Amino acid sequence: DVMMAQTPPSLSVAIGQSVSISCKSSQSLVYSDVKTYLHWLLQTSGRSPKRLIYQVSNLDSGVPDRFSGTGSQKDFTLKISRVEAKDLGIYYCAQTTHFPLTFGSGTKLEIK
Amino acid sequence: EVQLVESGGGLVQPGRSLKLSCVASGFTFNNYWMTWIRQAPGKGLEWVASITNTGGSTYYLDSVKGRFTISRDNAKRTLYLQMNSLRSEDTATYYCTRDQAAYWGQGTLVTVSS
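Sequences listed follow chains V and H, in order.
Here the first sequence is numbered in this note's numbering, starting from 2 and rising by one per residue.
Here the second sequence is numbered in this note's numbering, starting from 1255 and rising by one per residue.
With the rest of the complex left out, here is chain V (with noise of 0.2 angstroms):
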């Protein structure tokens, strides 16, 4: 199984501030068709996740461009630009590439 180490576990950060969050597979999520299938996903409390970044970079229809997602093979990072009060829940990544689809543990994001 792909195993994602995620991290920080949680973050504390100012509005307005920008804050990275990490995201290591075991292996590379790079599938055959050339595409990487690695996501990030919001969840914010008491509510179903939400996707916000698909296949690396892509931001999904409505989601601002605070946010953005960069990375390759094994090693992905989400920022998150001026963070704002509504930007806080967990994060999670998430690989499509590899069955049995897998997730990070969730990185917490608090407003300070």
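What the hints contain is simulated information worked out from the structure, not anything from laboratory work.
All values derive from a computational prediction rather than experimental measurement.
Just to be clear, a hint being listed does not mean it is correct.
As the list claims (entries may be wrong) - Here are the computed lysine-lysine pairs in the PhoX-like style, where the Cα-Cα straight-line distance is at most 25 angstroms:
hint	chain 1	residue 1	chain 2	residue 2
1	V	K51	V	K75
2	H	K1273	V	K109
3	V	K109	V	K87
4	V	K113	H	K1319
5	H	K1297	V	K80
6	V	K36	H	K1297
Claimed, not checked - Pair by pair, the computed Cβ-Cβ distance ranges are:
hint	chain 1	residue 1	chain 2	residue 2	range
7	H	V1256	V	T78	21 to 31 angstroms
8	H	L1363	V	H99	25 to 35 angstroms
9	H	R1321	V	V3	34 to 44 angstroms
10	V	A15	H	K1273	44 to 54 angstroms
11	V	A15	H	S1368	40 to 50 angstroms
12	H	K1330	V	A86	38 to 48 angstroms
13	H	K1297	V	A86	19 to 29 angstroms
14	H	P1268	V	S82	44 to 54 angstroms
15	V	R48	H	R1321	25 to 35 angstroms
16	V	V31	H	G1280	24 to 34 angstroms
17	H	G1320	V	A15	49 to 59 angstroms
18	V	S82	H	Q1336	27 to 37 angstroms
By construction, the Cβ of each residue, glycine as well, lies at the ideal position given by its N, Cα and C atoms.
The hints should help you fit chain H onto chain V, whose structure is shown.
What follows is chain H alone, placed relative to chain V:
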């Protein structure tokens, strides 16, 4: 607007069965793989099972293989998860999701307890 609406959760005794349903709307259902993902109370996300757009192939988490069956009825735009021989560790909110975790339902809570 894409909508995924799950139903069928509830309280069930260990060893019993339950069948979850997910009705899809807002997209061409038979074009997409579908997946069930679960989340135990206070825990992270765990993939359970996936099915191809035609239903011709299915994939399962090892711990549910032989106990759970994912299926779909494209004419009814509905995804199913038949869960047999339920265990306490199957207690979770079960989410219906579209290909690549693009869209999620609101979830349905399954509690396995005597």
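The hints, checked one at a time:
Simply put, V/K51 and V/K75 have alpha-carbon atoms about 23 angstroms apart, close enough for the 25 angstroms limit, and the pair holds. Between H/K1273 and V/K109 the CA atoms are separated by roughly 32 angstroms; this puts the pair beyond 25 angstroms, and the hint is violated. A hinted pair counts as satisfied when its Cα atoms are at most 25 angstroms apart, and V/K109 with V/K87 qualifies at roughly 13 angstroms. Proximity of V/K113 to H/K1319 is assessed by CA-CA distance (about 44 angstroms); at most 25 angstroms being required, the pair is judged violated.
As the CA atoms of H/K1297 and V/K80 are separated by approximately 24 angstroms, the hinted pair is consistent with the 25 angstroms bound. Taking the CA atoms of V/K36 and H/K1297, the gap is about 29 angstroms. The hint is violated against a cut of 25 angstroms. In this structure, H/V1256 and V/T78 meet the distance hint of 21 to 31 angstroms, their C-beta atoms being roughly 28 angstroms apart. A hinted range of 25 to 35 angstroms holds for the C-beta pair H/L1363 and V/H99, which are about 29 angstroms apart.
One distance hint, 34 to 44 angstroms for the beta-carbon pair H/R1321 and V/V3, is violated here, with the actual separation near 23 angstroms. At about 48 angstroms, the beta-carbon gap between V/A15 and H/K1273 stays in the expected band of 44 to 54 angstroms. At about 48 angstroms, the CB distance of V/A15 to H/S1368 agrees with the hint of 40 to 50 angstroms. At about 41 angstroms, the CB distance of H/K1330 to V/A86 agrees with the hint of 38 to 48 angstroms.
Distance hint check: the CB atoms of H/K1297 and V/A86 are about 26 angstroms apart, consistent with the given range 19 to 29 angstroms. Look at H/P1268 against V/S82: about 48 angstroms separates their beta carbons, and that is inside 44 to 54 angstroms. Distance hint check for V/R48 and H/R1321: the Cβ-Cβ separation is about 29 angstroms, which falls inside the suggested range of 25 to 35 angstroms. Our hint of 24 to 34 angstroms for V/V31 and H/G1280 holds, since their Cβ atoms are close to 31 angstroms apart.
A beta carbon spacing of about 50 angstroms between H/G1320 and V/A15 agrees with the range 49 to 59 angstroms that was offered as a hint. For V/S82 and H/Q1336, the Cβ-Cβ distance of about 45 angstroms falls outside the hinted range of 27 to 37 angstroms, so the restraint is violated.
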